[in-house]
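K.L.:
One-letter residues, chain by chain:
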Amino acid sequence: KAGVTQTPRYLIKTRGQQVTLSCSPISGHRSVSWYQQTPGQGLQFLFEYFSETQRNKGNFPGRFSGRQFSNSRSEMNVSTLELGDSALYLCASSPSGTGELFFGEGSRLTVL
Amino acid sequence: QQQVKQSPQSLIVQKGGISIINCAYENTAFDYFPWYQQFPGKGPALLIAIRPDVSEKKEGRFTISFNKSAKQFSLHIMDSQPGDSATYFCAASAGNTPLVFGKGTRLSVIA
Chain A
1 KAGVTQTPRY LIKTRGQQVT LSCSPISGHR SVSWYQQTPG QGLQFLFEYF SETQRNKGNF
61 PGRFSGRQFS NSRSEMNVST LELGDSALYL CASSPSGTGE LFFGEGSRLT VL
Chain B
1 QQQVKQSPQS LIVQKGGISI INCAYENTAF DYFPWYQQFP GKGPALLIAI RPDVSEKKEG
61 RFTISFNKSA KQFSLHIMDS QPGDSATYFC AASAGNTPLV FGKGTRLSVI A
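As given, the protein sequences belong to chains A and B, one line each in that order.
Going by our numbering, the residue at position 88 of the first sequence is 88; the numbering climbs one at a time, nothing skipped.
Going by our numbering, the residue at position 26 of the second sequence is 26; the numbering climbs one at a time, nothing skipped.
Errors might be hidden in some of the hints.
Derived list of chain A stretches under chain B, where covered just means 3 residues or more per stretch with a C-beta under 8 Å from a C-beta of chain B [claimed, not checked]:
#	segment
1	13-21
2	41-49
3	54-61
4	86-98
A few chain A residues that face chain B, going by a derived Cβ cut-off under 8 Å, partial list only [unchecked claim]:
#	residue
5	Ser33
6	Leu101
7	Phe103
Derived from the structure by calculation, the hints contain no laboratory data.
Given the structure is predicted, the values throughout are model-derived calculations rather than measurements.
Just so it is clear, CB atoms sit at the ideal spot from N, CA and C, and this is done for glycine as well.
Construct the entire structure; sequences and hints are all you get.
P.N.:
Here it is in structure tokens:
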């Protein structure tokens with residue numbers, strides 16, 4: 001069974017630009033969660049989608065948004081990038097949203 | 001407000017020794033306590049998890065000890081090996097709420 005796939009793996013943007021990250025969950029998993037990982041703050045929850053509906057949302061500004069498609073694939077978007085948005089963005093899927101999360105390898109975003 | 005406090009930030013252990021990482025939480029509604037292991041360039045992967053109805057869970061060399069009254073849980077790695085060198089995260093959740101992670105412990109096992 002294929003794991004969680006995230007694209008792109010690495011990207012560099014400049015302040016003010018926007019970025020879209022993509023996540024393909026494990027087949028059959030209906031829940032997709034996004035986390036931001038930084039050295040100082042660890043893993044911080046962004047949002048969770050289940051069957052195309054946002055079920056939980058973390059404490060991030062409105063510049064961070066996401067969506068989930070009918071095939072459970074998910075995208076997250078960050079608009080008006082700031083230097084502090086530089087981080088590893090991790091996507092995780094699970095069958096129901098509770099219990100074990102299966103993480104992808106992440107998309108490393110650098111904002112210059 | 002950090003809901004799960006993890007210590008130490010970094011840990012160096014001799015090969016064959018015991019690695020111990022501790023976590024403390026405040027939210028008494030938490031009912032699921034996993035530990036994740038992350039190698040450089042990879043996403044975190046579930047190592048072992050416990051629910052509060054038991055005080056200890058062992059899987060191979062890895063053991064979670066859980067103290068409900070103290071609101072603390074810890075990971076013990078017995079006979080630590082260089083291949084165990086990674087970053088370890090404790091986490092907690094309640095029902096359908098998202099996992100809240102500690103800030104991680106970087107473990108180095110030296111020969």
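K.L.:
Indicate, hint by hint, whether the structure satisfies it.
P.N.:
These are the hints, each one checked on the structure:
1. 13-21: violated (count 0)
2. 41-49: holds (count 6)
3. 54-61: holds (count 3)
4. 86-98: Answer holds; 4 residues pass the 8 Å Cβ test.
5. Ser33: 6 Å, holds
6. Leu101: Leu101/A check passes; min Cβ-Cβ to chain B is 6 Å, inside 8 Å.
7. Phe103: 3 Å, holds
When the structure is compared with the earlier hints, a violation turns up for hint 1 alone.
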